[in-house]
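Undergrad: Next come the chains, spelled out residue by residue.
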Amino acid sequence: MLGDRLAALGPHFTGQHTVTSLAVANPGSLIQSVDWVAIAPPLIAAVAALAVLVTDLFLPGRHKKWLGRLTAAGLALALISLLPLTGGSPRATFCAQNVAGVTDTPGISGSAAGGCSYVADHFALVFQLLALGGALIAALLSAHTVDDAASTNGSAAGLPGGEYWFLLLSSATGAALLPASRDLATMVIALEVASLPAFALVALRRDGRGAEAALKFFVSSVTATAVMLLGIGFVYAASGSLHLGAIAQGLEHAPGQLKPLAEAGAVLTLVGFAFKVAAVPFHFWVPDTYTGAPLPVAGYLSVVGKGAGLSGLALATTVAFRPYAHTWGLVLAVLAAVTMTVGNVGALRQRFDTRYSAVRLLAWSSVGQAGYLLVPLAAAGYAPTGSDPLGATAAYALIYGVVNLGAFGVVAAVGRRAGTSVDDFRGLFARRRWTALALAFFLLSLAGLPPGVIGLFGKVVVFRAAVDAGLGWLAVVMAVNVVVALYYYLLWTARLFAPAADEPAGEAAVERRLPVSLTATLGLTASAAVVLSVAPQLVLQVAGGSLF
Amino acid sequence: MNAVLIALLVLPLLGAALTLAPVFGPDTGIADRRALRLNSVVTGAVFLLSIALAAGFDRSRPDWMQATTDVSWIPAIHVRFHLGVDGVSLPLIVLTALLTFLCALYSEKRLPDGEARGGAPDVHRPSAKAFVGLFLLLEVGMLATFAVLDLVLFFLAFEIVLIPMYFLIARWGSGAKVPSANRFILYTLLGSAVMLLGFLLIGSKAGTFDMQALATAHGSGLSHTTQVIAALAIMIGLAVKAPAWPLHSWLPDAHTAAPTVGSVLLAGVLLKMGTYGLVRVLLPIVPGGTTTLAPYLGAFAAVGIVYGSLACLALARPGSKGDLKRLIAYSSVGHMGFVLLGIASLTPVGVNGALFANIAHGLITGLLFFLVGALKDRYGTADLDTLSGSTGAALYGRAPRIGALLAFAAVASLGLPGLAGFWGELLAMFGAFDPAGGLSRPAFVTYMVLAGLGTLLTAAYLLIVVKRVCMGDPKQPAPVAELADLRPYEAVSWTPLAALTLLAGLWPALLLGLSDPAVKHLLGGG
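Chains as they are written, first to last, in the numbering used here: chain A, 1 to 548; chain D, 1 to 526.
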């Protein structure tokens, strides 16, 4: 990958070393044997993306709905390809034997210091599961949206099928690549592969609102990327490497006059990831983007986009910037506290009767949830072993992914026209029993209250990470936030069971049946949430120990 | 035996799940009746199981955990599915099963309406199936709280009751029901979230969440600072639930708005979850921290006793527009003050008294809420001034059986010797008179004096209530012309409570014999 090339060329750029001959040093370092099984998950998604794009050209219009099925099949295949990787020791590929910045340090071999650009360890697998699984659910959710829009509005105003599926798969590829990448260059590329198609996905709805949302998303995201690239440049200059493990060592042994540069670089790099996670103060794009985007895309962004940013943030902090653990630990703790507070207060301020309020509420609540997700990361800065609390983030992210996509699914099912308000859910229980029960279950899981047992345990592991790390104040802030968040989730839940406002009783019978793809999505997410509630060990096992 | 305990939890859970299944037929009326019948059958079976549990309980070893089940549930965070009963939890489990059964019987005939907001009540009335589902889920949570022996499970059980109780108040209640329900759930959730932090701190430092193992360790391995912080967090969480003054303000609103069965269970069982937690978690697991904080708990308890009684006196005054349900809710604050005072004394006598007062309060206040609920149904209001008119409601003359029962419950509540209310409060004050070593005797004697003053005030307001509701001139113009006396289903669901109140008053050893060894075990560790 690019990182290796840069790393191999490193001495030329940094000027720290005299010019060495590339050809003589070690030819084996330039010829790589690729572990195809290890890179299968993102690779399959990428191949599927190309396949969809090409198929779209040759497929007659009436068969376009097969593209959605092809996408789902590709993502399912990518998910299955995770299975062979679960057992045994982590598999690494794209390794460089001599990593610049480390080779000259006596006693440390390149590979031990993390000279590999792609590592399929448990951390990578869990977040790949989140990315690909989330993309699969989003794809199922989209099937109806895309077909519906294409059939009712004609291709001019609707969503173009081929592009939509291609962009979704591309973005999923990036999100799946990111957690496995172990050098900053690959990470940036993965992050951009995940983000750039997302801008287009948001803009696909051509009703003006989509374009505005996409522009807002695009401008702020590109700014963040630029800042991050600058930061990476600084870090590279100070540590002499792009490999995460090597950076950690490079920063520890960095000469004194480079320290400020390194620290500034670290901060700027984290800013980029914080944007993707939608941490405060980089959260302003979220509500507008979610409301402007097609609903499945909003759901996708809230889970997969966030998961990608989170995995990048986790890697950068716990691996590369390990020497600055106490600094970023505190920064992330404050960031987490502010993010969850701002998100929940923002959600609390939503009026339930306005257009788009359902999606806006979910958007703000996802900002609040991002705050909870950051708590174990902050705890990792304080934990003696470093990476153990990450399991809590991973477990919470998986739980959040299931229930949040489920909630978006119900919103999509209820308001198939744009602009659903929370008040539109009034009396849903009387009209659609199971849909209402599913949404109630998802919302209570997001709130972390039984019967949403899995949400409760998600909160418990996050709390536990904070308490174990001695971050008592953060735990208390989070406790207050959980209560605040309960209020709006509960108000929404209560709406479901409240008697419908002034609707004539006859209208209940007019309700159309849900399309199959939506039923499948809701069934999948709801049953996953129920199964996890009975057997939380299935997901909490990732919180049991170290992921690396 | 352990199968009985598991069945006790699984049965209502299955019942709750069954209400979601389409097995009740298409007709709403018939389906509702069938659902309510299911409710009675399931809670009745649970009650029988609890009797079987009590019968199979080895009374010679009440300090031992019996009917235990201990299997790993979530190994990743060391949570075990650990159940068991001892002399402390057994009476509470039986009380819970009894009260839910009686409430189910009562609601089969008298399902709360859930005051439709204007419009046609038939369309907007919430379905009985939903009521039954929530009711059974509530029972699962209440029973589980008293049966689990793992801190995280205890927290889970504590949380399970919130959603069903929220909807019982918000959907089937009356008056300002939604704000009251919101206040109830937000208050208790904040409390239990803080409590969870305390649990996690203990788990983090001691390496286990198992209550039995932690109780055996009796605080060894936990530094004093840890113990104080954990005890403070847990105490705040449980004090909200109990409720202790000044964290009680959710209670009067919730009781006023809740339907009758909701009030009965709220007062009869949910408040006990708080005090039970103090005895089960705080005393044995963090004894050092508890000793440090006990004087403050005692002070809040004493203030709560006086405050509750004064609030009741104010509500009982003619012309104050006092709501009877609200009055009984405030009286609960006072009564739970005695329980907290007994616990704060950290002596076997005081804690035994607290546990006894717990049960007694469950029986008596349950009965009182039933009675007041019945009055509210008949009169359409629980407003004391409207009820009593100028001379008094004259229940003795117009509905003699209800009047007699109300007077009986009132004197039991004020602690007449020979009835259940007496022993618990006496023992709690006795415990405060001679608190455990390490606690300031003058402080606790002061609390005892305040509590004694509280008993006088309690007697005063309850007698005023009896005077204004039961006595009076039957001939005076009344808000309701015809007042039905005790109906059969009311008799069925209330008689057991009255009988048990008498039994517990005359034969306190029945309960104290069970709790005493267990309390000594919890206080002494090992």
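Don't take every hint at face value.
Here chain A is said to cover these stretches of chain D; the calculated rule only asks that three of the stretch's residues, wherever they fall, bring their Cβ under 8 Å from a Cβ of chain A [unchecked claim]:
#1 39-47
#2 70-81
#3 160-173
#4 190-200
#5 486-497
Covered stretches of chain A (in silico footprint by chain D; criterion: 3 or more residues with CB under 8 Å from a CB of chain D, positions within the stretch not fixed) [to be verified]:
#6 297-310
#7 313-323
#8 364-378
Hints listed in this document are in silico derivations from the structure and should not be mistaken for laboratory results. Cβ coordinates follow ideal geometry from the N, Cα and C atoms, glycine included.
Undergrad: Test coverage of the segment 190-200 of chain D by chain A using CB-CB distances below 8 Å; three residues minimum.
TA: With 6 residues close enough to chain A, the hint holds.
Undergrad: Can you confirm whether chain A covers the segment 70-81 of chain D, using C-beta to C-beta distances below 8 Å and requiring at least three such residues?
TA: n = 5 at 8 Å, threshold three: holds.
Undergrad: For the segment 297-310 of chain A, count the residues whose Cβ lies under 8 Å from any Cβ of chain D; is that count three or more?
TA: Coverage by chain D is violated here, the residue count being 0 at a Cβ distance below 8 Å.
Undergrad: Quick one: see if chain A covers the segment 39-47 of chain D, three-plus residues with Cβ-Cβ under 8 Å.
TA: This one is violated; 0 residues, fewer than the three required, reach chain A with a Cβ under 8 Å.
Undergrad: Would you say the segment 160-173 of chain D counts as covered by chain A, given the rule of at least 3 residues with C-beta under 8 Å?
TA: That given contact holds, which follows from 7 residues of the segment 160-173 of chain D lying within Cβ reach (below 8 Å) of chain A.
Undergrad: Holds or violated: the segment 313-323 of chain A covered by chain D, criterion of 3 or more residues with Cβ-Cβ distance under 8 Å?
TA: Answer violated; 0 residues pass the 8 Å Cβ test.
Undergrad: With a Cβ-Cβ cutoff of 8 Å, does the segment 364-378 of chain A contain at least three residues near chain D?
TA: Not satisfied, violated; 0 residues make the cut.
Undergrad: Taking a Cβ-to-Cβ distance below 8 Å as contact, does the segment 486-497 of chain D have at least three residues touching chain A?
TA: violated (count 0)
Checked against the numbered hints given earlier, this structure breaks hints 1, 5, 6, 7, 8; the rest are met.
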